[in-house]
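There are 2 protein chains.
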Amino acid sequence: MSKLTIGLFGFGCVGQGFYEILNNENNPLFEIKKIVVKNEEKERSAPKELFSTNAEDIFNDAEINLIVELIDDAETAFQIVRRSLARAIPVISANKKMIATHLEELFELQERFNTPLLYEGAVCGSIPILQTLENYYQNDKVNEIRGIFNGSSNYVLSKILNENLSYEAALTQAQELGFAETDPTLDVGGYDPSYKLAILIKHVFGVSIDPNKITRLGIDQLSSTIYDYAQARNLKVKLIASAKVSHGQISASVIPHLVSKEDEEFTIENEFNSVAIATEYTGKQLLVGKGAGKYPTGLAVYNDLKNLLKGFKYKNKESLVALNDEPITVFIKYEQSGFIIKFFDQIKEHNLTKGESYIIGEIAPSKLRTLKGFNDLSVAVFTENAIKKAQLSTSYSYAV
Amino acid sequence: MSKLTIGLFGFGCVGQGFYEILNNENNPLFEIKKIVVKNEEKERSAPKELFSTNAEDIFNDAEINLIVELIDDAETAFQIVRRSLARAIPVISANKKMIATHLEELFELQERFNTPLLYEGAVCGSIPILQTLENYYQNDKVNEIRGIFNGSSNYVLSKILNENLSYEAALTQAQELGFAETDPTLDVGGYDPSYKLAILIKHVFGVSIDPNKITRLGIDQLSSTIYDYAQARNLKVKLIASAKVSHGQISASVIPHLVSKEDEEFTIENEFNSVAIATEYTGKQLLVGKGAGKYPTGLAVYNDLKNLLKGFKYKNKESLVALNDEPITVFIKYEQSGFIIKFFDQIKEHNLTKGESYIIGEIAPSKLRTLKGFNDLSVAVFTENAIKKAQLSTSYSYAV
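Going line by line, the protein sequences match chains X and D. With my numbering, the residue at position 102 of the first sequence is 102, and numbering never jumps. With my numbering, the residue at position 307 of the second sequence is 307, and numbering never jumps.
In case anyone wonders, no lab produced these hints; they're calculated from the structure. These figures come from a predicted structure and were not determined experimentally. Even glycine gets a Cβ: it sits at the ideal position worked out from N, Cα and C.
With a straight-line cut-off of 30 Å between C-alpha atoms, the simulated DSBU-like cross-links for lysine-lysine are:
hint : chain 1 : residue 1 : chain 2 : residue 2
1    : D       : Lys310    : X       : Lys317
2    : X       : Lys284    : D       : Lys284
3    : X       : Lys141    : D       : Lys33
4    : X       : Lys388    : D       : Lys261
5    : D       : Lys306    : X       : Lys306
6    : D       : Lys244    : D       : Lys389
7    : D       : Lys3      : X       : Lys317
8    : X       : Lys42     : X       : Lys294
9    : D       : Lys244    : X       : Lys306
10   : X       : Lys306    : D       : Lys141
11   : D       : Lys159    : D       : Lys284
12   : X       : Lys38     : X       : Lys306
Sample of chain D residues lacking proximity to chain X, with all beta carbon distances greater than 10 Å (derived):
hint : residue
13   : Ser224
14   : Ser251
15   : Asn351
Whole structure, please, built from the sequences with the hints as guidance.
Here it is, written out as structure tokens:
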């Protein structure tokens with residue numbers, strides 16, 4: 001492939017960023033021939049003749065030899081990708097939900113039709129994490145990957161903890177700045193980071209995991225009792241996605257964590273994302289950058305073009321690890337549901353002050369998933385460092 | 001090139017790490033055929049028949065199609081690299097001093113003989129910074145690059161500031177743990193990070209700079225007055241290498257900095273390194289990892305093998321920026337040299353307490369280089385965040 005003639009689906013925030021970078025760089029090897037959008041009426045920042053609302057204008061054009069898919073709707077996106085790969089046309093996408101929920105099929109299609117699909121822009125925007133994993137850690141054993149994978153939630157938590165904004169005010173601000181979706185559930189409910197985590201788990205550990213199987217709690221269920229607890233102990237609250245393998249079992253979760261200054265995530269503020277990797281040969285590595293946005297994600301898509309020209313494709317790693325259910329130390333604030341005590345393996349602290357009642361203790365992730373049905377709870381996990389910092393009073397510790 | 005038959009020069013810490021990783025990975029495409037060392041007598045952790053003390057055993061072997069150079073001595077290393085490239089044999093090296101002091105010649109040799117030289121292991125050990133810059137930021141404008149490029153100095157500073165160890169005790173500990181050289185001047189004098197910075201400046205800005213032209217102050221000139229000042233204001237002291245371009249001029253320095261918790265370097269402790277990049281499209285990016293050591297650097301060398309097979313080579317960027325001499329805000333502790341006041345453009349604070357006298361003010365980097373002749377001074381620069389945090393009393397501010 002010597003020149004890429006591109007059919008682009010979608011012209012939202014990332015699509016426009018990608019288009020502008022392509023124009024600025026002015027590389028004779030890349031040309032956008034057609035842009036298919038839903039709404040023909042909208043004012044566009046590109047020549048009118050490029051646009052169409054008919055997908056066939058891309059699929060019927062024999063010159064188009066690359067499809068860049070940057071639309072919102074995951075199911076339509078999957079149809080586009082499947083159809084392209086089946087015609088041996090490579091695809092670049094940034095649709096995390098589509099990729100996370102079809103990982104196995106997508107690898108299968110790539111192999112069957114010997115045609116690559118790249119999606120650096122789908123995971124943590126400007127952080128070149130997939131490329132780094134494939135190029136650099138392919139010969140190193142990764143034991144753990146974790147980080148802040150959702151810029152909107154992190155922005156909200158920064159504003160609440162550092163500037164004492166209310167949850168609602170912080171979220172409105174994030175939406176006004178374009179960090180959060182109009183329907184923010186994907187962000188604050190922890191869905192978006194669970195998609196990114198599922199993609200990374202496949203690339204790091206070779207395991208395809210249904211994103212719905214990941215223990216997932218968002219920042220929408222947190223309460224001021226948790227913030228007060230954290231602030232009194234110089235801890236912060238961060239929404240952390242993590243996956244870890246030990247003894248052939250994988251633990252994967254997206255949960256708000258109480259973090260201490262020794263944790264890498266402590267200083268990651270506002271719309272920034274982080275990815276920490278623990279490997280056999282190199283120890284701990286950390287990558288930090290903007291997790292979303294027009295140009296950060298647009299550049300990731302643009303770099304996929306260049307990688308495609310070089311013949312780069314993702315390896316289909318396979319491995320045999322099972323889901324793990326080892327207990328984790330959590331802080332659970334409750335209103336009426338005092339009976340949750342029976343779900344714990346061990347209690348470390350129990351505060352009974354009316355309106356601020358909480359339990360700190362060890363609980364199995366599967367039981368935590370059961371508890372999600374009770375909507376008067378708010379939950380955060382302690383990092384190892386936060387456990388030390390909070391000096392959890394082991395004297396009160398008792399088995400349940 | 002389908003299989004790499006390797007001639008290895010040097011079998012020290014990194015050489016052994018590289019050898020072990022190669023053996024563990026057991027890739028049929030890579031084979032070490034000969035290892036040339038200085039001392040034949042030493043006990044080795046590899047089969048005796050691999051070793052020789054005669055460089056010609058590598059150069060006369062027609063099967064050897066790659067030279068990996070991992071020796072200490074920069075001048076001998078340069079002879080080896082020049083000879084290899086002239087015979088169109090690609091080279092991988094991790095010798096920062098050799099590379100930094102011969103950058104132009106090395107690019108010229110690579111072009112003349114159309115033969116690549118790779119050296120990811122020379123810059124910040126396990127952090128894949130050169131690969132990331134070449135693959136990911138090639139189409140993005142980098143405005144600044146800075147970080148902690150010397151693990152030994154950072155280890156010493158961590159121990160002094162966090163555990164109140166003396167400079168001597170901390171340095172001895174670093175040496176015992178293998179983080180520092182037996183002659184630690186290269187580390188604590190700031191030479192080692194100045195070589196890495198010169199290499200990065202070439203790769204980022206296209207400018208070949210003589211490492212001796214970089215304003216360079218190490219941690220060996222710091223005094224407890226600076227540590228006390230920092231601790232009283234919740235600041236830390238970090239040895240920071242930085243290069244920044246503005247208005248077509250480049251500022252480059254390796255100097256201890258007073259950093260505040262808003263600075264990326266604040267939480268980088270012990271033997272870890274960091275590289276922060278500010279770019280046009282992505283904003284701020286940060287990479288953190290172990291900066292040195294057997295396996296971290298060994299893996300970087302091993303990854304260069306794989307990149308070589310893929311046809312990867314560094315681009316010879318060229319640009320036209322000049323050295324900049326804009327004033328920086330420094331803390332200078334002095335014993336007798338009160339007359340240094342005339343070197344400042346502006347004074348912000350002047351403490352005359354006997355034995356703890358210091359001046360805080362703005363000084364041009366060229367004047368700071370002049371001051372290095374006075375050995376009763378100790379110097380650290382303020383970051384922008386540290387200036388705010390320290391609330392420099394602008395009321396005392398006066399022009400000199």
